[in-house]
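Asker: First to last, the protein sequences are chains A and B. Here the first sequence is numbered in the UniProt record's numbering, starting from 1 and rising by one per residue. Here the second sequence is numbered in the UniProt record's numbering, starting from 1 and rising by one per residue.
None of these hints come from the bench; they were simulated from the model. It is possible that part of the hints are untrue.
The list treats identical chains as one, so a pair stands whether inside a single copy or across any two.
Dumping the calculated EDC-like pairs for lysine to aspartate or glutamate here, alpha-carbon to alpha-carbon at most 20 Å [what the hints assert, rightly or not]:
#1 Lys63 - Asp400
#2 Lys96 - Asp135
#3 Lys101 - Asp137
#4 Lys374 - Asp244
#5 Lys26 - Asp478
#6 Lys63 - Asp33
#7 Lys63 - Glu32
#8 Lys93 - Asp400
#9 Lys248 - Glu32
#10 Lys378 - Glu339
#11 Lys459 - Glu148
Computed from a prediction, not measured in an experiment: that's the story for all the values here.
Protein chains: 2
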Amino acid sequence: MRAKVKILEVETGRFMVVINEEDAKKAKLHPEDLIKIETAKRTIYGEVVISNMVGPGEIGVTKDILSTYTFSEGEIVNVAPAGTPESVRYVKKKMKGQKLKKVEIEAIVKDIVDRKLRDIEISSFVTSLEINGLDMDEIAWLTVAMAETGDMLDIDRKPIMDVHSIGGVPGNKTNILVVPIVAAAGLTIPKTSSRAITSAAGTADVMEVLAPVTHSLDEIKRIVEKIGACLVWGGALNLAPADDLTIKAERALSIDPRGLMLASIMSKKYAMGSQYVLIDIPTGEGVKVETIEEARSLAKDFIELGKRLGQYVEVAITYGGQPIGHTVGPALEAKEALETIMTGKGPGSLVEKATGLAGILLEMGGVAPAGMGKKMAKEILESGKAYEKLKEIIAEQGGDPNIKPEDIPIGDKTYTFVAQTSGYVTKIDNRAITTIARTAGAPEDKGAGIFLHVKVGEKVKEEDPLFTIHAESEARLDQAIIQARRLEPIRIEGMVLQRIGNL
Amino acid sequence: MRAKVKILEVETGRFMVVINEEDAKKAKLHPEDLIKIETAKRTIYGEVVISNMVGPGEIGVTKDILSTYTFSEGEIVNVAPAGTPESVRYVKKKMKGQKLKKVEIEAIVKDIVDRKLRDIEISSFVTSLEINGLDMDEIAWLTVAMAETGDMLDIDRKPIMDVHSIGGVPGNKTNILVVPIVAAAGLTIPKTSSRAITSAAGTADVMEVLAPVTHSLDEIKRIVEKIGACLVWGGALNLAPADDLTIKAERALSIDPRGLMLASIMSKKYAMGSQYVLIDIPTGEGVKVETIEEARSLAKDFIELGKRLGQYVEVAITYGGQPIGHTVGPALEAKEALETIMTGKGPGSLVEKATGLAGILLEMGGVAPAGMGKKMAKEILESGKAYEKLKEIIAEQGGDPNIKPEDIPIGDKTYTFVAQTSGYVTKIDNRAITTIARTAGAPEDKGAGIFLHVKVGEKVKEEDPLFTIHAESEARLDQAIIQARRLEPIRIEGMVLQRIGNL
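Bound conformation, chain A alone (with noise of 0.2 Å):
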């Protein structure tokens, strides 16, 4: 049937398209039915709503839509049902446990992004994957599946060097400086980064306090050929647009099938021309990978999925037990990061990641000799030079390259928890610092977030301050500190543990 496209000021998270009752009556239409809309251009794949809001031979096309294709008020469209995709096929054949070839994965792939696959499909897909997996075949022609159906990066620089952190850790800015460091040594680094999703606050939402993060990949590639760097959010991109599909049915069942985890990783790093790929994996308690044998297996496969994809890989195996410095949430970890990068100098545990990854880098690129990178790394900081391609990055990202850290605002309402008793700090829990961080606002209140006053091993006075909230209204701050007396994020200890007496 013909329609006339009506723009509707409506969001559903879905492809949905909608129709006059009459409309599907006649076309025998139902609710949740898969239907194309086929225009001379293109065909696109959405669900029916069924609704008086259109009048007949019309169709409303969603928000949803708008933020991916072009549709105009007015504009005749052909809408016609849309059969069982033929990828349903290769999802049961997975299902079965059955090994997958290269075109069936392209199709579900293809598939999924088209939205020809729904969430009932996807999850069942991710289910499968998670109960039967995918070897390292399947994997590599989802990455490049991934790739290949978002948008590609082709930077004229090369080597093209890229640094990515397995999610976890909170107050993990360390990116923000490994990035300077290593494109001021003359290494090319377009770096995408998250937002946070369950974190208190993603490398993107931390450098949105610095820059605007929203870049087209035309300007990415402007800016990168200029100053060799960028810090941007990929999730502006249309890198791998499959994964944030699959990543909505992992996130809802809570898990995540490592071979899609691979994917969702390389197959970024693969549509941005990466060449040197470094992968921090943080270890320990309250992160993704609580084990340092979990992160070596998983290390093989970054590498042995690397070699398929054409890139040299390699894996730092980072301290993840407590938070890297001392800030957790948007503002107070910019400002720490830009401190630090200005100064030289910051707190031990994100100066000395930072130029661990950063050496490694520059070992990896070729600029500074085996065993040599660190030092170099170290160098870079403290010679002002990171500090000063930073704010080339701030410039052409569109920022103010003179933004000092007192400038950038912080949440003024605040509450700080002392030590109840003396003793030494034996644990900091990443969990329940992300949580209370979270409650206070972050990272959608960029000001909201932890400054944590100790660390693990240090030696505390009663009354010594452990960690102040910082919010920007008192209803979350309030909320924040109810989580906190609940949480007890900070564990202080004698230095006797434990005592056992006459048993």
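Assemble chain B onto chain A, guided by the hints.
Answerer: Below, chain B alone, put in the same frame as chain A:
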């Protein structure tokens, strides 16, 4: 947050709740977030849609929700985000291949019915069942949980009989005859049926040609206590409501995990209070169960499950290699069933199957001696007593008991396919017949369908009519003709099927 209900004329297939953009921002709600709407009496769950078609402080409730719950325009409710339901952990447990506990299965079913689990979680559960299965304990718990989360019927007449055909064979109007025969013998049989999902006519679609089939549980109780039988649409009742939601996922994935299939069928029998249940498993090419071995294994499971539910179950494995009788499609089937029950004579396949099944039920219910059921069923059919009972059912359900076969309107746009050659009918393809009948408009167009002039084994001469397509519109007739030419549903061969010459 407090909000004022606004009723929206929107049908999405899901429980969706519309929130104003400003409110969503304030409450940090995103599209697809799960929220709860609380009133003094109940809490219901739905997912967020963001749109300015409701104002700030308003919450839009869609027709899907109103089909189950009552809200009035302007009613004040409380709206709050809902966390991840506990039962997701049990879905994950099944993903890992572990046996679920009774309480865990109950939690999953309850959360499905409450819409706290949505497509993603339900699909993951169904996929996990397809891969990892359920044992008989789990199936029994699932069956009872599905029944008890819906309405249940308590009929004051014992014993209560029931009959159910596993779908798949076209033209299966058998139960329109079985139910009146059984009730005419004094037994109680409150039969609920489904509408066609993938077939050309469900029993409810066929019965609806003769009388209304949409009744409340109270009306059904009244009718069955008065005349011992009904033939109603189960979908109008709130029987095992979790089933509709799992079936949606199963259909999209075209899977049918056995444990879920058993629970789906038996939960409805359990909810209807059935004590003696006959399961008809049509077996043959192109139906759900293709081999006798498979049918036997399924039969064993039905009987075992019945034991655990306190039901006595028998199974009839019936011939399903071609359509039952000569007609496929609601009105054509209703006409054939009515003619057969009025005269006591009809197509062999229909009369044999109906009296066979009814006979087993008469023996199960103790009104016919062992081995005498079929004879008794035949006598009841031929004596006109079954017809009298059907008239009572039609009258009680609000139809015209004096309806005659010739009163039933059949699609008057017709096209007859004739034999291209002389020979024997060696095959009538069930799937092809269903596809053609559906293309002609069945089941929505009640008059659409197929009349078969021949059945398997019959001899035909060139130009003899094979089958006639009936449709209500020329357009649909044309489409069905094209389908029929492509599918060639009836195969005619000489007695010599293959000639092997000089090799």
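Asker: Which holds for Lys248 with Glu32 at a C-alpha limit of 20 Å: within a copy, between copies, both or neither?
Answerer: Result: close both inside a copy and across copies, 19 Å intra and 10 Å inter.
Asker: Should Lys93 paired with Asp400 be assigned to within, between, both, or neither, using CA atoms and 20 Å as the limit?
Answerer: Neither, since 53 Å and 51 Å both go past 20 Å.
Asker: At most 20 Å between C-alpha atoms: does Lys459 with Glu148 qualify within a copy, between copies, both, or neither?
Answerer: Classified as neither; 53 Å inside a copy, 58 Å across copies.
Asker: Reference check for the pair Lys101 and Asp137, CA-CA at most 20 Å: within, between, both, or neither?
Answerer: Classified as within; 9 Å inside a copy, 38 Å across copies.
Asker: What label fits Lys63 with Asp400 when the C-alpha limit is 20 Å: within, between, both, or neither?
Answerer: neither (33 Å within a copy, 51 Å between copies)
Asker: Under a CA distance limit of 20 Å, which applies to Lys378 and Glu339: within one copy, between copies, both, or neither?
Answerer: Within one copy only: 15 Å inside a chain, 94 Å across chains, cut-off 20 Å.
Asker: Between the shortest in-copy and the shortest cross-copy C-alpha distance, which are at most 20 Å for Lys63 and Asp33: within, between, both, or neither?
Answerer: The answer is both: 19 Å in one copy and 17 Å across copies each meet 20 Å.
Asker: Using 20 Å as the alpha carbon limit, work out where Lys96 and Asp135 are close: within a copy, between copies, both or neither.
Answerer: For Lys96 and Asp135, both the intra-copy (15 Å) and inter-copy (19 Å) Cα distances are at most 20 Å.
Asker: I want to check one pair: Lys374 and Asp244. Are their C-alpha atoms no more than 20 Å apart within a copy, between two copies, both, or neither?
Answerer: neither (35 Å within a copy, 61 Å between copies)
Asker: Up to 20 Å between alpha-carbons, please classify Lys63 paired with Glu32: within, between, both or neither.
Answerer: Close inside one copy (17 Å) and across copies (14 Å); limit 20 Å.
Asker: Classify it for me, Lys26 with Asp478: is the Cα-Cα distance of at most 20 Å met within a copy, between copies, both or neither?
Answerer: between (56 Å within a copy, 17 Å between copies)
Taken one by one, the earlier hints fail for this structure at numbers 1, 4, 8, 11, listed in ascending order.
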